[in-house]
Amino acid sequence: MQKVFTITGNLLAETTSRFDMPKIGQTVRAIGSSKFQVGGKGVNVARTLASLDVNCSAIIFPAGFVGQKCLDFLSRENFDVISISIDGETREGLVCVDSNGKQTTFLGSDLPIPQNAFETCLKKIDAQIKSDDILALCGSFPNWQTSYAQKLSKLCEEKNAHFCVDTYGTPLNDVVDYHCDFLKFNKSELLSYLASKGENVDCYSQEIFEFARNKYFSKAKIFAITDGANATFVSDKNDTIKIVPQKIENEISATGCGDALFGVAISEIFIKKSSLKKSFELASKYASLTAQCEETAVLSQDKIKTIF
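Numbering that gives the first Met the number 0 puts the first residue of the sequence shown at 0, with every later residue one more than the last.
The hints are simulated quantities; they were obtained by calculation from the structure and are not laboratory data.
Be aware that a few hints might be false.
In silico DSS-like links for lysine-lysine, alpha-carbon gap of 27 Å or less [claimed, not checked]:
no.: 1; residue 1: 271; residue 2: 153
no.: 2; residue 1: 302; residue 2: 284
no.: 3; residue 1: 220; residue 2: 123
Construct all of the structure, not just a fragment, from the sequences and the given hints.
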């Protein structure tokens, strides 16, 4: 059975509480009980995949008391965890829900991942990953080193595994120099990337997507750019496909929607071997529905049955 390994370099211990939102400078108490959960993009992707009965492992770097709390929580999830402990304390976050159900999130500071922890991560992946498995680098990676992109890509090539990436900033700048099977991020990150390269882009369109794909992202077998509720463009080097997400009727939180899309797309493309168009239509629909739920990046089985 194929397996997906997700890498989360920025683990999150997150508490959700309801508030009558105060004015700036005021103090307010939470209403009722609070809910704890563990996040980070790779964890969210693993959660999505698990909801689709995909065999997956989430690679995380927990730290301190908060990190142990995350491990205890994840032991009850429906996916495996590969843990590499580091010093410090895992970052925390607070999700504030107002009387209308809208969510506002506050995140703590990033915790840098030591180089020896990354090397341990590589060894653990190398010992477990098999031909046709999938390795997914998800989100930011504090203390990222330039050599990491080459090492991850090379490991996948040697193991005949698929390398998938949803990242930004420094990791993205390095990943583009190496082969990957699936590269996805969002429009704002693309425009920031193009600006950093001196490109004068004052708008976004399919033409800009194809320009960026051909000039900067040609080493990605599949390249996709999302734009929230607007169209997603995806290319497999032959054609560009435009996917328009379904309208969100009552958005609660868009947090994790991109992770859900990434997870479903990985499942459809590399495990179910669906067409690119079908893969992103299903992924887009799943992601849109998660924006209407309080849960992050995962739908109930009843809702999943309405998609697949």
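Do the hints match the structure? See the list:
1. 271 <-> 153: 25 Å, holds
2. 302 <-> 284: 11 Å, holds
3. 220 <-> 123: Holds, because 26 Å separates the two Cα atoms, which is no more than 27 Å.
Comparing the model with each numbered hint stated earlier shows that all of them hold.
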